[in-house]
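Student: Here is how the chains run, residue by residue.
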Amino acid sequence: MMSPSSQQRSRRRGGDFRLGLAFVIPVIIIMGGLVLFPLLSTMVDSVYRINPMRPGTPFAGLGNYIDLFQDPNVRQSWLNTIYYVVLAVILETVGGLAAALLLNKIKHGRRWLLAAVVLPWCLPPVVNAVVWLWIYNPSYGLLNHILQSVGLTSAPVVFFNNRYAALFLVTIVHVWRMMPLTAIILLASLQSIPQDLYQAAKLDGAGPIKSFRMITLPLIASGLAIALSQSTVFAFNLFDEAWILNGASLDTRTVIIQTYMYAFQNMKFSMGMALSLLAMLASLLISLLYVLKVYRETRFD
Amino acid sequence: MSSRTMKLICSRIVIAGAVIVLLVWSLGPIYWSVVTSLTPPTDLISSNPHFWPQHLTLQHYGRLFGSTSMSQGNEVQSVWPQFSRALINSVITSVGATILTVVIAAFSAYAFVRLRFPGRDLLFILVVATLAIPAYTVMIPLYRIMIATRLVDTYLGVTLIYVSAFLPLALWLMRSVYQAMPLSLEEAAWLDGASKVYTLVRIVMPLAAPGLIAAAIITFLNAWGQFLVPLVFSPTLTTKPLTVLIPEFISRNYVDYGLINAAGIVAIIPPVLVVLFLNRFLVSGLMAGATK
Chain A
120 MMSPSSQQRS
130 RRRGGDFRLG
140 LAFVIPVIII
150 MGGLVLFPLL
160 STMVDSVYRI
170 NPMRPGTPFA
180 GLGNYIDLFQ
190 DPNVRQSWLN
200 TIYYVVLAVI
210 LETVGGLAAA
220 LLLNKIKHGR
230 RWLLAAVVLP
240 WCLPPVVNAV
250 VWLWIYNPSY
260 GLLNHILQSV
270 GLTSAPVVFF
280 NNRYAALFLV
290 TIVHVWRMMP
300 LTAIILLASL
310 QSIPQDLYQA
320 AKLDGAGPIK
330 SFRMITLPLI
340 ASGLAIALSQ
350 STVFAFNLFD
360 EAWILNGASL
370 DTRTVIIQTY
380 MYAFQNMKFS
390 MGMALSLLAM
400 LASLLISLLY
410 VLKVYRETRF
420 D
Chain B
-15 MSSRTMKLIC
-5 SRIVIAGAVI
5 VLLVWSLGPI
15 YWSVVTSLTP
25 PTDLISSNPH
35 FWPQHLTLQH
45 YGRLFGSTSM
55 SQGNEVQSVW
65 PQFSRALINS
75 VITSVGATIL
85 TVVIAAFSAY
95 AFVRLRFPGR
105 DLLFILVVAT
115 LAIPAYTVMI
125 PLYRIMIATR
135 LVDTYLGVTL
145 IYVSAFLPLA
155 LWLMRSVYQA
165 MPLSLEEAAW
175 LDGASKVYTL
185 VRIVMPLAAP
195 GLIAAAIITF
205 LNAWGQFLVP
215 LVFSPTLTTK
225 PLTVLIPEFI
235 SRNYVDYGLI
245 NAAGIVAIIP
255 PVLVVLFLNR
265 FLVSGLMAGA
275 TK
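Which chain is which? The protein sequence lines are A and B, in order. Residue numbers for the first sequence, in the working numbering: 120 to 420. Residue numbers for the second sequence, in the working numbering: -15 to 276.
Isolated chain B, as found in the complex (with noise of 0.2 Å):
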């Protein structure tokens, strides 16, 4: 073999190498946990772990799902009465805040790009240096703002809040989305006569079908995932969304593993469909935000 061939193999094996690391650094902790959440609870504290485990139960899905269970001679209950709850709040409150913050931004983004008004720059400057306060450096005012609005554990108040939070970066995406399409297309819709609205809802967001895409995932995502904002604004199960609830299987004397992992990995199930099917947008959207 020429010591070529052998460089291209060499470098075709660490690359796949490379690969392999990479693989279960990033999905690795994932697979565990699905193992775990169909592991029966006397496997979990057995003294040598199974990568692939030996006897699945769906006995923790079951105890998410609705019936009771026998451990140690006891029964079980079921936490679906909470979990249902918090499932249905965790999808209100985002997908709410998705639908808001994508309309809102699609709509002004396309004031700051196209159209003239005083203060317009100004006004920008402002919304997208916001990127850089934390959410926690206003969460102690808006609590006594949510406490006088008696908006504290609503679902318009948890969604308000998501919408200020995540509004600058879909905007950011919005305007730089905005700023590449041509503008001779809706000079041409307006020599036809058509108004402003009907060329940006009719011609210009459809092209720009892409970027509101990628605006709607970033903001779902950010939603779903958020655990400080609920944990301060919702503090009962009327709103209060997965995040919060699934931390408190934690106890401080015992935690059920195969119960926590399950409804850990119910609550991935909508970012894992994301990933699967809309990765492209997510990622152009994510790298359009980070460069522009």
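Looking at chain A on its own, in the form it has when it is part of the complex (with noise of 0.2 Å):
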């Protein structure tokens, strides 16, 4: 026989079940019909040959791979992401972190400082980099203005038309786009840290780089581990800013480009699912390896 309260909380408990789950429903229909189970499917179908111009669907096994790996299409869109990732990772860390430090040290007027950092971030994708191809535009834009002013080019220069050029192009406005959440990740961290520890460090003589090295680097670690990830996460999704400024060009073309390109406009739908499995993996391995890192790092703390 039960006692009155463990009786009462067996009930409840039986309550929380039927209520917990009616509050879970909706998300296990939505995330497993939308997200998961084409997830499967993805793994699945990559290894068939898929496409609606052609029938039936036979086994391909690792042939779809095979044909991604030779395709130089795909290597060039490979090599263009890396270098992607690599510059915008590098330019949103470094201008993140310099926002953030400059947020934190000003004392009036930060809500709208901060106000103007969020904004790029706020904006759709499409639309700044309609504003940015104006920007760009060879004839009558404003940075082949500005170059030429300053005096470093003498006539305009018709930036999409040099590989390296373009690709750097198409980084700055991403990395306009990014760097407000890299900023305000460091942000956070900056003002997690006790402001005991400088006053301390102060009067052990210890300068303002030094200060930096030495605490506010370590103490940032957690934070920057997750900026990282999230910037690598985001432009080895490129597809927004290359897509509207270059199109399907190949001197710009991302993986994703690729992959919708394949899927979509090829029509090869195991293609594009075998190389955006691919192009996953990458992203959260690489993420996987920051984090390892600043835990290994700073697990002796």
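In short, the hints are calculated from the structure, not lab data. Honestly, I wouldn't trust all of these hints.
As the list claims (entries may be wrong) - Below, a list of computed lysine-lysine pairs in the DSSO-like style, where the Cα atoms sit at most 27 Å apart:
| # | chain 1 | residue 1 | chain 2 | residue 2 |
| --- | --- | --- | --- | --- |
| 1 | A | K226 | A | K321 |
| 2 | A | K321 | B | K(-9) |
| 3 | B | K(-9) | A | K226 |
| 4 | B | K(-9) | A | K224 |
| 5 | A | K329 | B | K(-9) |
| 6 | A | K329 | A | K224 |
| 7 | A | K412 | A | K329 |
| 8 | A | K226 | A | K329 |
| 9 | A | K321 | A | K224 |
As the list claims (entries may be wrong) - Covered stretches of chain A (in silico footprint by chain B; criterion: 3 or more residues with CB under 8 Å from a CB of chain B, positions within the stretch not fixed):
| # | stretch |
| --- | --- |
| 10 | 220 to 231 |
| 11 | 249 to 255 |
Unchecked claim - Only some residues are given here: those of chain B computed to face chain A with a beta carbon under 10 Å:
| # | residue |
| --- | --- |
| 12 | I(-1) |
| 13 | W9 |
| 14 | L107 |
| 15 | R128 |
| 16 | S179 |
| 17 | V228 |
| 18 | I244 |
Yeah, the Cβ is synthetic: ideal placement off N, Cα and C, and Gly gets one too.
Using the hints, put the two chains back together into the complex; each one sits in its own frame.
Tutor: Structure (structure tokens):
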């Protein structure tokens, strides 16, 4: 026989069970049906040949993956993506850290400066790309005017004729949008550092550079890892900016653009699925590396 | 002057300079777009641009909002029919996705924190792990599901895809909000005989309002800016949003930069309003989502 209180508790637990299930059922349906099931289906279908233009879906084994490695367009889009990731992560981290340090130092009007800094992140990436497309315009764009009036170039430059210039300019637009996120994450870490640590360091005779290296950097390491993996994943997923600024051009084509073209322009569904899986694995792997590295370095303090 | 005050003035100047650089970097392109959208077409192709427009005109906005105009002797049609349609589509899909996401996250995150049921932690980990899955990885099978269920180019289809993409982040955020709340409040309500649902809706949710607002803002901004998803799932003006319509103003031979910048400025009004009035919630939400 149960005591009244444990009976009550078990009834409450039963109620919890039903209520909890009722609350999470929409999550199970939506995430199961629209994310987990399609993900499994991507994995399975990437070893078949699925093409609406051709009959049947024969088993292809690793054939799709082998085709991917032999396609020079795929190789080029991987190289472009690696270029974007390296450059964007460096610029966003350096710029974001500088912005966060500045925001942390400012006492008056921080709210407004923060609003201005966050703004590019809030805008639709497509609009950003269109705005920058006009700035990069070869005949009437602002960038050419500035370069010429400063004396760096003598005649208007068609930036997108040069592959490296094109990659760089697409990266700038992406960095313009994503840097605020890095800045905010790092600002949150900076604000969690106790101020008396800096006073103690000052008493010990440490200069600003030394206290930055000995206090700030180690204490924002976990924030830095989050910021780095965010910027890596987003740079890997770059699509909008490159698509608007330079279309399907091979010079600036990313892995995602290649996936989109496989699936929705050439109707090679299974090739697109295989490539998108590889891209997902690559970005996950790199993020994991940051987290492990930071974990290992901060474990000892 | 003592070297100390010199040093102070120097550091002030360096900080002021850095603030100006940061402001120009962040706001300069937007300012330039506003100027462009207010400049007559003939001034746009002049050889030296003016940082302040010489002749203001509203003709680009006029073309967006309904009047025909003259350009080089030809009558130029207004794009209002397409533009208004896309504007409405953007509003419906992003507001719909925001409401659905926040309501689902508000209830289910509570279940993940306070209610015990089997498989709870596993389910939460599974859902949050999908944050690491980029949308395009599931897009091709999703396309086939949407074709099979006839949801391509419907508000329901696009909205559900948005919800599935933005729900994990909202859940993560709301869970950290609920976790930070003291259990004693709820226990007091339960002892008074209030049901769990009543306690959640009338006591917990009002206290969690800042978190709910942050989740709503982040979801709305993400949905409002989506491009790749509607590019695939909204092929016609039935559901095509602004983000897909605006790039269509770029044709192979000719780009009407005045028009396209004016359309861009209209499209950024909602995000700008959010930043002006709700930035506090947005920043705290981004910080909580990133650090916990």
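Student: With reference to the structure, classify each hint as holding or not holding.
Tutor: The hints, checked one at a time:
1. A/K226 - A/K321: 21 Å, holds
2. A/K321 - B/K(-9): Satisfied, since the Cα-Cα distance of roughly 17 Å is no more than 27 Å.
3. B/K(-9) - A/K226: 18 Å, holds
4. B/K(-9) - A/K224: Given that 27 Å is the threshold and the Cα spacing comes to 16 Å, the pair holds.
5. A/K329 - B/K(-9): The hint holds at about 19 Å.
6. A/K329 - A/K224: 17 Å, holds
7. A/K412 - A/K329: 22 Å, holds
8. A/K226 - A/K329: Answer holds: A/K226 to A/K329 is near 23 Å, not above 27 Å.
9. A/K321 - A/K224: Distance of about 17 Å is within 27 Å: holds.
10. 220 to 231: holds (count 4)
11. 249 to 255: With 6 residues in contact (Cβ-Cβ under 8 Å with chain B), the coverage given for the stretch 249 to 255 of chain A holds.
12. I(-1): Cβ of B/I(-1) sits 7 Å from chain A, so the hint holds.
13. W9: 8 Å, holds
14. L107: Where the cut-off is 10 Å and the nearest Cβ of chain A is about 6 Å from B/L107, the hint holds.
15. R128: With a minimum Cβ separation of about 8 Å from chain A (threshold 10 Å), the hint on B/R128 holds.
16. S179: This interface hint holds because 9 Å falls under the 10 Å limit.
17. V228: It holds, given that the least Cβ distance between B/V228 and chain A is near 8 Å, below 10 Å.
18. I244: 5 Å, holds
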